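*Asks:* Chain residues, written in single-letter form:
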Amino acid sequence: MVLPCSGIGKVYGALARETTYELVEKVRPGLATTTCLPLLVIKDPEAVALVTENPVITIDGCPKDCAKKSVEALGKVVDKTYEAIKFYKEHKDLKPEGIAEVNETGRKLAAVAAEEVAKAVDELAAGEEK
Amino acid sequence: MDIQVAKVGVVSCSGEEIPEGTLCRLACRKVLDERPGETVTICLPLFIAGGEEERTFAQNYPTITVDGCDKLCAAKATEMLSGKPSKSLSVPEILKKHGRKPPDKLRHFGGEEEAAVKAVAAEIAKAVDEVLEEE
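Those protein sequence lines, which keep their order, are chains A and B. To convert, count from 1 in the first sequence and add 118; that's the numbering used here. To convert, count from 1 in the second sequence and add 7; that's the numbering used here.
Extracted from the complex, chain A is given alone in its bound form (with noise of 0.2 angstroms):
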C-alpha cells in the first residue's frame, strides 16, 4: 500500500502523487496499490483494513507528514517513509515545478523515484512471502 500526500498547495506534494501513479500504473502494476488518504481520515472500515492488513509506505510531501501520521493514528507502524524532496535533492537536473500536477520534468522526476519506491516495495512484498 503506498499512500502519498494529499496536498494541492506544494510542488513536492504534486510530486509524491505522481510518483505513487508512476508506481501502481506503470512500475509495480498489481503489486503496489493505493488508496484515497482522506478515507483514514473518516476511518473508513475498507481503507482502514487495506491499511492495517498489508505493508505500509508513505511518501509525504512536506515536514508534516501527514501521510505517515494519518497511518500512525490508526496504530499501524509505517514500513518505510519518504519525503518527496528527497528524490530532487538526489537528481537536481530534474527540478520539479507545478502545484496541483508537476510538469514534464517533474514527471520525469516522479519515473526515476518510482523505480526508486519500487525496490522497498519489493522488499516488503519479499518478506510477506516469507
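By construction, these hints were calculated from the structure, which means they are not laboratory data. Just so it is clear, the structure is predicted and the values come from calculations on it, not from any experiment. The beta-carbon is built from N, C-alpha and C at its ideal position, and this holds for glycine as well. Treat the hints with care, as some may be off.
Pairs of lysine-lysine residues, derived as BS3-like cross-links and limited to a Cα-Cα distance of at most 27 angstroms, are as follows [to be verified]:
(1) LYS128/A - LYS94/B
(2) LYS128/A - LYS133/B
(3) LYS83/B - LYS103/B
(4) LYS83/B - LYS128/A
(5) LYS108/B - LYS78/B
To give a feel for the contact side, a few chain A residues facing chain B, derived at Cβ under 10 angstroms [claimed, not checked]:
(6) LYS187
(7) GLU215
(8) THR223
Since the structure of chain A is already known, use the hints to place chain B on it.
*Replies:* Quick look at chain B alone, frame taken from chain A:
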C-alpha cells in the same frame, strides 16, 4: 480605513484512488489560484496530523467542501474534526448537472477532462460568491 475581507475555506477531497479525486483537486486549485484574496485551503489530513490551528480551520473560515465520491470524506472529516461546512459540493452531481462524463484516468488530463475541471471550478466559485454574500 482598513476593510476586512472575509476568506472562504475550500476543502478538497484528495481522492488519490479515483479520477474524480484528481478532478476535484484541480478544480479547487483553479479556484484558489483565481480567487487568492477570497479563498484559502487546508490539506484534509491536517485535521488529524496538524495542530490546533488546523483543527479550528472551519471555525475560522466559512468552509466549502468538495467531494469526489459518495463517501464524502471532505464533508465528513471537516464536520467531525473541525466544524460544520457552510456548503458541501459533490463532483459527480456537478458533472451530471453539466451533462459531462466522469473522467476515466487518474492523471494527465486532456481537453475533455479539462472542460470538466472548468465546470466544477465554476460551481465552486459560485458557491464562494454565495458564502461571501451570506457573510
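*Asks:* Compare the structure with each hint and give your call.
*Replies:* Verification of the hints:
1. Taking the CA atoms of LYS128/A and LYS94/B, the gap is near 25 angstroms; set against the 27 angstroms cutoff, the hint holds.
2. For the suggested pair LYS128/A and LYS133/B, the alpha carbons sit about 25 angstroms apart, so the restraint of at most 27 angstroms is met.
3. Note on LYS83/B and LYS103/B: the hinted pairing holds, with a Cα-Cα distance of about 22 angstroms set against a maximum of 27 angstroms.
4. At roughly 24 angstroms between alpha-carbon atoms, LYS83/B and LYS128/A fall within 27 angstroms of each other, so this suggested pair holds.
5. With a C-alpha separation of about 19 angstroms, the suggested pair LYS108/B and LYS78/B falls inside the 27 angstroms cut-off, and the hint holds.
6. A cut of 10 angstroms between beta carbons decides the hint on LYS187/A: the least distance to chain B is about 4 angstroms, and the hint holds.
7. Among the interface hints, the one on GLU215/A is violated; its C-beta lies about 14 angstroms from the nearest C-beta in chain B, farther than the 10 angstroms criterion.
8. This hint is violated: THR223/A has a C-beta 14 angstroms from the nearest C-beta of chain B, more than the 10 angstroms allowed.
Violated hints, listed in ascending order, are 7 and 8; each of the other numbered hints is respected by the structure.
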